[in-house]
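Chemist: For reference, the chains in residue letters:
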Amino acid sequence: MEAGLIAESTFSVFDWCIVGIYLAGTVVIGFWANRYIRNMDDYIVAGRSLGSSLGVATMLGSEIGLVTVMYFGQSGFKNGFAAFHIGLVAGIGCAFVGLTGIIVGPLRREGVKTIPEYYGKRFGPGVRVLGGIMMAAAGILNMGVFLKTGALFLAGLTNLNDPDIVNWIMAGLLALVLLYTTLGGMVSVVITDYVQFVVLSVGLVICCIFAVQHLGWELTVDDVNAFHGDKGVNPLDQEGFGVSYVIWSFFVFGLISCAVWPTAVMRACSVKDEKTVKKLYRWSAIGFVTRIVIPQFLGICALAFFLENDALGKMFFEADGTITADGDKTLQALPIFLSQILPVGLLGLVAAGMLAAFMSTNDSYLLCWAAVVVEDVFDPLSGNKLSTKNKLLIARILIVVIGLFLFVFGLVYPLNQNLVDYLAVSGAIYFTGAFAVLMFGLYWKGASRVGAYLALGAGSLAIFGLRPIQDAIGIPEGWLSEAQVGLGTTVTALVLMLVGSLLFPDRKILRGVTTDPDWSQSFDPMGEYDL
Amino acid sequence: MTGWMFVWTMLLILVLLVYGFVVVVVTFGGAKDIREMLQRIKDDK
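So the sequence lines, in the order shown, correspond to chains A and B.
Numbering of the first sequence is given in the working numbering, commencing with residue 6 and proceeding in unit increments.
Numbering of the second sequence is given in the working numbering, commencing with residue 86 and proceeding in unit increments.
Because the hints were derived from the structure by calculation, they are not lab data.
One or more of the hints may lead you astray.
Calculated cross-link-like contacts (lysine to aspartate or glutamate; reagent style DMTMM-like; alpha-carbon spacing at most 25 Å) [as the list claims (entries may be wrong)]: (1) Lys277/A to Glu244/A; (2) Lys236/A to Asp333/A; (3) Lys236/A to Glu223/A; (4) Lys396/A to Glu223/A; (5) Lys236/A to Asp315/A; (6) Lys127/B to Asp278/A; (7) Lys450/A to Asp128/B; (8) Lys236/A to Glu115/A; (9) Lys117/B to Glu244/A; (10) Lys236/A to Asp331/A; (11) Lys334/A to Asp167/A; (12) Lys319/A to Glu223/A; (13) Lys390/A to Glu121/B; (14) Lys394/A to Asp128/B; (15) Lys334/A to Asp511/A; (16) Lys280/A to Asp476/A; (17) Lys334/A to Asp278/A; (18) Lys277/A to Asp511/A; (19) Lys127/B to Asp167/A; (20) Lys334/A to Asp476/A; (21) Lys319/A to Asp476/A; (22) Lys334/A to Glu323/A; (23) Lys396/A to Glu244/A; (24) Lys117/B to Asp315/A; (25) Lys334/A to Asp315/A; (26) Lys390/A to Asp128/B; (27) Lys277/A to Asp167/A; (28) Lys236/A to Glu323/A; (29) Lys319/A to Asp331/A; (30) Lys334/A to Asp128/B; (31) Lys319/A to Asp227/A; (32) Lys319/A to Glu121/B; (33) Lys450/A to Glu121/B.
DEER-style ranges, computed between Cβ atoms [unchecked claim]: (34) Arg120/B to Pro111/A: 24 to 34 Å; (35) Val417/A to Ile98/B: 18 to 28 Å; (36) Val92/B to Pro510/A: 46 to 56 Å; (37) Asp325/A to Phe113/B: 29 to 39 Å; (38) Gly105/B to Val33/A: 39 to 49 Å.
Because the structure is a prediction, the values reported are computed rather than measured.
From the three backbone atoms N, C-alpha and C, an ideal C-beta is built for every residue, glycine too.
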């Protein structure tokens, strides 16, 4: 890679040994945890036996991933201190969920394992199947760029110049994830998440200390302010983020990512009781701020570092002094910066922590999407006749199939927009509709099945926020932002849920219908189900 | 220092201090929770 040809990394054999030992350890945990798997509850929600500390560790272990570090690092590099507003609103959103228990409290009370399972209880199996398909499709699409991002990180940090070698390493890591996730399910996921949380958290804090020690606080602030001007500190400045983006940030990174995004909700459903759910979110609020602010700060330090270093800076700046529009290069700014400032040994620890974080995110996501497809699509369609053994077998096969799809998608998809925007928009295909269905379903008795179908379907409008789709239908660049598409889709889903429910109310309320073992035998998306 | 810059500086300091504390608490609490989780699953078998 071009960047690697110029920047000399200090990544040594000793660092590779640290990475190797660490990764081997996670596979051993997977094999060992397999002894504790007895049924689907153990596999998906670890027998609903997580305490609050482990819940916090495993939630943050999944949410602070390598991809998270990369895209928030890119956001800090490109936008300066103003990007911190995302962390601030995310923390406020998570604390709000922890204080009120909004969405996650009632969901835990329902005793469901996944969000579509709730759809089934509330609106019938047809909504459950549609919800499961939308969720899995959006989630897998969302995950599609993870491998490529991981490869860019590794290339930047280790100075590996051959893209083929990097891709093979990433494929190897994916294989490791598949191995221990298929074997150990949620029990191995929570244990590895715990270890990864500890290693990565300590690693990130040490990186910040080294960055400030290397550059100095005043130099960093002065450089970034001189480069970005007011838009680099004021998130409301229309030349930078602007008001619509701040509202979108609060919605996506505050409310959605902790109360509606399935991997987070799955954690909420794994803890002992509703009280623990609230406690989990209150404690996680600071983690939700941290997972955004620390990578952004490192990205800001990277900007100051490359502004001070003309030779290396050429990789990231155009001739007119602006930041390059090449997303791959701006993503690599953070790892290349770290490779320049961290000493041997520490570089290996950070790499191990980051790669572990990469695995941690992937294992949770793979398990989540496979569980959704088995529990919310295959099982209802088969009339709830799948045995536990068959469910586990299908989940394990699906994890491998999704893994292979991700590998191919990562190689062919042209990521020509900011990574953070790609992730928000692809996720919006699911969460805009889900937000409407959950809010109305949980808090309004009048919410109906037709409204739920319409709201979930409306989520698909979010694909118009993806740059390749905009290019294909001729929408000029800058004419319709990701935030505008996302907010527009959210409002549309809410309105359709309300109007659909008012115009086509359910004649009978379906709550508790799944306690009847025969409920799914008459599968009919629009039929009536007796209590 | 502008108003916004003051807010972001305080946020960064707060994040580093509180997160450091959370990491310590969760590290020790999480190890205890893992032991209890595995014991509970074992007992249920």
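Chemist: Is the hinted pair Lys236/A and Asp331/A satisfied, with a Cα-Cα distance of at most 25 Å?
Modeler: holds, 21 Å
Chemist: Can you confirm whether the C-alpha distance between Lys334/A and Asp476/A stays at or below 25 Å?
Modeler: With Cα atoms ~22 Å apart, Lys334/A and Asp476/A stay inside 25 Å; holds.
Chemist: Are the Cα positions of Lys334/A and Asp315/A separated by 25 Å at most?
Modeler: Measuring from Cα to Cα gives roughly 16 Å; hence the hint holds.
Chemist: CA of Lys127/B to CA of Asp278/A, is that 25 Å or under?
Modeler: holds, 20 Å
Chemist: Taking 46 to 56 Å as the stated bounds, is the beta-carbon spacing between Val92/B and Pro510/A within them?
Modeler: Hint holds: Cβ distance 47 Å, inside 46 to 56 Å.
Chemist: Against the 25 Å threshold, does the CA-CA distance of Lys394/A and Asp128/B hold or violate the hint?
Modeler: holds, 21 Å
Chemist: Is the straight-line distance between the alpha-carbon of Lys236/A and that of Glu323/A 25 Å or less?
Modeler: holds, 19 Å
Chemist: Lys450/A and Glu121/B were given as a pair; does the straight-line alpha-carbon distance stay at or below 25 Å?
Modeler: violated, 39 Å
Chemist: Would you check the hint for Lys334/A and Asp167/A, treating anything up to 25 Å between C-alpha atoms as holding?
Modeler: Holds: Lys334/A and Asp167/A sit about 16 Å apart, inside 25 Å.
Chemist: Would you mind confirming whether the straight-line C-alpha gap from Lys334/A to Asp511/A stays at or under 25 Å?
Modeler: Outside the cut-off at roughly 53 Å; violated.
Chemist: How does the Cβ-Cβ distance of Gly105/B and Val33/A compare with 39 to 49 Å: does it lie in that range?
Modeler: Cβ of Gly105/B to Cβ of Val33/A: about 29 Å, so the range 39 to 49 Å is violated.
Chemist: Are the Cα atoms of Lys127/B and Asp167/A separated by 25 Å or less?
Modeler: violated, 47 Å
Checked against the numbered hints listed earlier, the structure breaks hints 1, 4, 7, 8, 9, 13, 15, 16, 17, 18, 19, 21, 23, 24, 26, 27, 30, 32, 33, 35, 37 and 38; every other hint is satisfied.
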